[in-house]
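K.L.:
Top to bottom, those sequences are chains A and B. All letters in the first sequence, in the order written, are residues 1 to 305 by my numbering. All letters in the second sequence, in the order written, are residues 1001 to 1292 by my numbering.
Please note that the accuracy of each hint is not assured.
[Said to hold, decoys possible] In silico PhoX-like cross-links for lysine-lysine, where the CA-CA straight-line distance does not exceed 20 Å:
(1) B:Lys1199 <-> B:Lys1047
(2) A:Lys132 <-> B:Lys1199
(3) B:Lys1047 <-> B:Lys1031
(4) A:Lys132 <-> B:Lys1047
(5) B:Lys1199 <-> A:Lys108
[To be verified] Computed far set for chain B versus chain A, every beta-carbon distance over 10 Å:
(6) Glu1004
(7) Ile1029
(8) Val1063
(9) Ala1082
(10) Leu1093
(11) Val1115
(12) His1150
(13) Ala1254
(14) Gly1263
(15) Pro1266
(16) Val1274
Hints listed in this document are in silico derivations from the structure and should not be mistaken for laboratory results. Think of the CB as a built atom: it goes at the ideal place given N, C-alpha and C, for glycine as much as any other residue.
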Amino acid sequence: MTLFSVDNLTHDYGAVQALTDVTLEVPDGAIGLVGANGAGKSTLIKILLGLLTPTSGEVEVLGENVRTHVREARARVGYMPEGDCLPVDQSASDFVAYAAELAGVPAKAARRRASESLALVGLGEERFRYLKDFSTGMFQRVKLAQAIVHDPKVVFLDEPTAGLDPEGREQMLDLVNRLADYDISVIFSTHILSDIERTCEWVVLLDNGRVKRNGPLDRLGSHGVVQLELIDDPQSTAEILRGRGLTVTVDGFRMSIPSADGVTTLIRDAFAETGTGIRSMTETQVTLEEAFFAVGPDLPPPVPT
Amino acid sequence: MNQEAIIVDRGYRPYEGPRGTLRSSMWAIVKDGYRRALGLRRRAWSKVMPWGLIALMLMITFVVIAVAWFAGDLIPDLPSYAEYFDLTSQLGLLFVALTGPLLLVPDRVNGVLAVYMSRPLRMVDYLLAKTAALVSLMLTFYLVPQAILHLGLAGLSDDGFFTYLGANLDVLWKVPIVALAYIATHGSIAFAVSAFLGKSGLASGLYLGFIIITNNVAGLIVGTANFTGAKYAALFAIEQHPRYVRDWVFDSNAGFLIMEDAGFDPWVSAVCIVFVVAVSALIVWRQYRKLP
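Could you put the whole structure together from the sequences, leaning on the hints where they help?
P.N.:
Here it is in C-alpha cells:
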C-alpha cells in the first residue's frame, strides 16, 4: 500500500525555496525522512498533514488528496511535533484522552485508550500526574501517546529523540519499533542517521529541498565498494572487467570496483583468466551517513517510483 | 481475597469502535474550554477566580431575593431586570476577562495547536468551537442568576407564582438578548486581545485596561470638548454599547450613558456591537490562519 505520494511538489516561503519539484511514492512501514536542518523535512511533514498548502504539486496521504480531503486524511494519521505541544496544567491522562476525542473517539472510549496508550509508552503509573511535573523523556513519551491514541494508520514523528539522554533515546527507538506490532506505519523525521538505521526500512534523503535518495534502506546500505590489493600488475584484469561492464579504478597495485549483485563472481573469473595474484579482497558497506554526504555517481541512483 | 482473581493488562490494541464526526471533535474542544475556564481537573488555585466570581454573582441574586422576601414592603424599588445587569455586569466583565484569554492563550503558548491541527479539524473549526465555549459559559454566567432571580421573585409575588411568570413573559427573550449583547461586545474584544499576547494574565489586564480607558476617554471628550464631531468619541465607549442596547430592549433608563448624552439612538450602539464583533473576528482570524 502507498503511504503517501507527492507529485512535482514545490513550496516556498517567499524568496526561500523549501521544497523543489519533489516527486515521491513511499510504501507503508517504517519510513525515515532524513536531512540536515533546513533540508525541508518539517515542511514536507506539514504539507502531508495539510498544515501548509504547497505552492504547487499534488499530495496524497493514504490515498486521500490532502488539498481536497484534508479531514479524511487527518482522521487516519497521528502527529508527534518536534516542539512543545503539551498543556502543562493538565494530567497526562486527561490530555491524551482529549487528543483521542479530538480525533472522534467517544469520551468513554477515549479515557480507556488514553490509559492503554500511556501504558504502552511506559507511563501507566504516572498517567494521573500533571504534565508540569514530567521530565523531558516523559514529555516525549506523552507526545508519542497522544499521536497513537486514536489508532492511526500512520504516525508522523518529528525528531522524537530530540533532547533525550542516551537511555531515553534507546527507549524511544524501541517504542518506535514496537509500533509495527500494531500495524502503525511510521514516518520518522530526523537528522540523526543512526536513529533511522535502527528503526526504518525505507529512507528518503532530502537535501536543500530536493530528494537525494529514496528507497529501501538495505538496498542503500548494501551498495559498497570491492577493494583489491594485488601482487601483480592489475591492468590486464582491469581491461577484462571493464569489458564486462564494470567501473574499475586502478591505483598502483590497488583496484576498486563498485559492488553489485554477482560482481565477486565476475572478479574471480577475470583473475582466474589472467592468473594475477591477489593479496586481499574486501567489500566495504556504505553507511547511511556516507550515502547522505556522498555526491551522485558513487552511489546507486534513486529507486524509480 | 479471591484466590482466583487475576490482573489482566490488555495493553494497547487497535481501536475498532465508532468514530465521531467534525461535530464531536468540536464538542470535545468546547468541553475542554469549560474545564479550562472553570479550573476543572486542574490544581486548586485554577478554581479560585472563576468559582469566586460565580459565587459572587449568585450571592447578589440571593441577596436581592432575600431583600424582596424580608423587606419587600420597606424597599419597594428593588432592582429591575435591566438594573440587575448593572449590578452584575462588572462581574461579567471580570469573568470574560478571565475566560477569554484562558480559552485561547494556553493552547497557542503551549504549542497544542499543532496537535489540534493534526486531527480532522481546521483552524476555523477550532475557533468556532472556542467561541461556542465562551458564549455558552458567559450565557450561563448571566442567565442562571437571572433565572434564579426570576423564579425567586415569582415565588414571592403576592399575585401568585404563575401569575407573575405570565405577566413577565417578555423577560424570557429580553434577558437573553441583552446578555448576548454583553457577551458579543466583551467576548470578542477579549478574544482579539488574547490572539496577540502570550500570557493569560497580561491579556486579561490589557483587556480590562482597554475597556476602562476607552470608556473614560470617550466620556471626557463628549463631556468637555467643544470641537465639531466631539460627540463621535462616544462610539468608542465600548463598554456602554451593550448597556444602551439593554435600555433599548427593556425600554428603561438605568443610568447615565455617554452614547445617550452624545445624542445617538440606541440602534447605533447595536450597529457598533456588530462592528466590534466583525473587527475582532477579523483580527483573530488574521492571527490564527497561519498557525501553527
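K.L.:
Once the closest CB in chain A is found, is it more than 10 Å from Glu1004 of chain B?
P.N.:
holds (24 Å)
K.L.:
Within 20 Å, alpha carbon to alpha carbon, are Lys1199 of chain B and Lys108 of chain A?
P.N.:
Roughly 33 Å between the alpha carbons, so the hint for Lys1199 of chain B and Lys108 of chain A is violated.
K.L.:
Is Lys1047 of chain B close enough to Lys1031 of chain B, meaning Cα to Cα at most 20 Å?
P.N.:
This hinted pair holds, its Cα atoms lying about 16 Å apart.
K.L.:
Would the non-interface assignment of His1150 of chain B survive a Cβ cutoff of 10 Å against chain A?
P.N.:
Answer for His1150 of chain B: holds, closest chain A Cβ roughly 33 Å.
K.L.:
Over 10 Å to the closest beta carbon of chain A is the bar; see if Gly1263 of chain B clears it.
P.N.:
holds (49 Å)
K.L.:
If I take the minimum Cβ distance from Ile1029 of chain B to any residue of chain A, is it greater than 10 Å?
P.N.:
violated (7 Å)
K.L.:
Does the no-contact call for Ala1082 of chain B survive, Cβ to all of chain A over 10 Å?
P.N.:
holds (39 Å)
K.L.:
Sort out whether Lys1047 of chain B lies within 20 Å of Lys1199 of chain B, counting only the CA atoms.
P.N.:
Since the Cα atoms of Lys1199 of chain B and Lys1047 of chain B sit roughly 18 Å apart, the hinted pair holds (cutoff 20 Å).
K.L.:
Between Lys132 of chain A and Lys1199 of chain B, is the straight-line Cα distance small enough, at 20 Å or below?
P.N.:
holds (17 Å)
K.L.:
Hinted pair, alpha-carbon criterion (20 Å max): Lys132 of chain A, Lys1047 of chain B. Please report holds or violated.
P.N.:
holds (17 Å)
K.L.:
Please confirm whether Ala1254 of chain B is truly not at the interface, meaning its C-beta sits more than 10 Å away from all C-beta atoms of chain A.
P.N.:
The assertion about Ala1254 of chain B holds, with a minimum of 39 Å to chain A.
K.L.:
Beyond 10 Å from chain A, beta-carbon-wise, is Val1115 of chain B?
P.N.:
Its Cβ does come within 10 Å of chain A, the nearest being 5 Å, so this is violated.
Violated hints, listed in ascending order, are 5, 7 and 11; each of the other numbered hints is respected by the structure.
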